[in-house]
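*Asks:* Line order of the protein sequences matches chains A and B. Just so you know, the working numbering puts 56 at position 56 of the first sequence, and the rest follows in order with no gaps. Just so you know, the working numbering puts 103 at position 103 of the second sequence, and the rest follows in order with no gaps.
Hints listed in this document are in silico derivations from the structure and should not be mistaken for laboratory results. Hints are supplied without guarantee of correctness; some may be wrong.
[Unchecked claim] Listed next, the stretches of chain A that the computed footprint assigns to chain B, with coverage defined by at least 3 CB atoms under 8 Å from CB atoms of chain B: (1) 2-10; (2) 24-36; (3) 66-72.
Glycine residues also receive a C-beta, built at the ideal position from the N, C-alpha and C atoms.
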Amino acid sequence: MKITVKLFASFRAGRFDIETREYPLGTSVADVADSLHLPQSELGIMMINHRHVKLERLLEEGDTLALFPLLGGG
Amino acid sequence: MEALISFVKDHAENQLLPWRLQVEATGRFGATLAQVEMAALEQGILLARYQRNRQTLTVNDQLTLFKSCVAVIGCGGLGGYVVEELARLGVGRIVVIDPDVFEEHNLNRQLFSSPGNLGTAKVAAAAIRINEINPAVTLIPLQTAFSAQNGAELIKGCQVAVDALDSIQVRLELSGVCTTMDIPLVHGAIAGWFGHVTTQFPGDDTLQKIYGSRSAGKGVEQTLGNPSFTPAVVASLEVAEVCKLLLGQGEPLKGRQLVIDLLSMEMNIIAITDSYKEKE
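Using the sequences provided together with the hints, build the complete structure.
*Replies:* See the structure below:
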């Protein structure tokens with residue numbers, strides 16, 4: 001299935017801003033993060049089609065997944 | 001008091017009271033700078049120091065700000081700029097909470113730090129600075145760590161709280177205290193070239209939605225650090241939110257988060273709560 005992945009902030013370094021990629025059925029948000037070598041401890045907001053989701057959420061054909069790093073500095 | 005009011009009215013030029021007369025009034029009437037400022041504003045007379053605010057803020061707005069109390073939790077990268085801007089804006093009472101002293105690695109970005117005050121409490125340095133730049137403002141320095149246990153006592157009497165913390169865990173505690181106390185919370189966080197800002201209204205649980213179960217530890221700032229400009233940008237956006245909340249003007253970031261990427265020079269708004277419908 002085709003999934004559009006949008007990366008934000010530091011996640012773009014060495015990766016991409018937006019890419020449509022092929023993933024097998026049953027792929028979760030965590031699987032996509034792993035495939036991009038994004039440590040789960042660095043994941044902040046995760047959205048599918050502009051709705052907040054959790055790591056275990058499964059993706060569907062045509063979804064847009066947006067991943068933001070966790071920011072905690074002040 | 002009537003003599004002070006007459007003095008202020010008689011000496012205002014073009015509805016402005018210059019600094020030297022504000023000081024003269026303190027000596028002549030045994031009043032504090034804050035009392036003179038309040039008397040002037042109540043008479044519709046602006047302190048000359050605020051004259052460049054005039055097309056943006058009315059004298060009445062300035063009076064509202066001067067009667068306001070804002071809590072700033074954290075006095076590091078974000079907090080330094082937030083406190084400086086609130087004081088220059090003319091917010092009358094600022095409570096600053098931070099347990100730490102300045103260290104050398106703060107010097108790249110923390111506004112109140114300097115080689116001469118390493119080892120000094122951050123809130124003590126804030127008090128010295130604010131007394132220099134706007135001594136009519138009351139700064140209450142609290143050198144202590146904010147927590148769910150002491151939080152309510154620390155921010156009691158404040159109309160708005162500003163998150164300038166560097167810990168996700170303490171942010172969530174602050175969020176809970178603000179909800180309990182029915183106080184809006186302006187939240188900002190930074191890492192490297194990146195930051196975000198939102199405003200949590202009581203009941204929205206915005207921070208819970210942003211940080212979810214990730215209550216422990218820190219974010220990517222651990223590896224990215226924080227340069228000089230990111231805290232200045234995010235702190236300024238936070239102060240703009242505070243100003244709007246205190247005055248009841250404009251559209252605060254309710255239910256939505258402004259995401260800032262200074263490397264790509266992109267700013268995006270994302271929906272955080274269900275109440276905010278994304279305009280796309």
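*Asks:* So, for every hint listed, does it hold in this structure?
*Replies:* Status of the hints after comparison with the structure:
no.: 1; hint: 2-10; result: holds (count 3)
no.: 2; hint: 24-36; result: violated (count 0)
no.: 3; hint: 66-72; result: holds (count 6)
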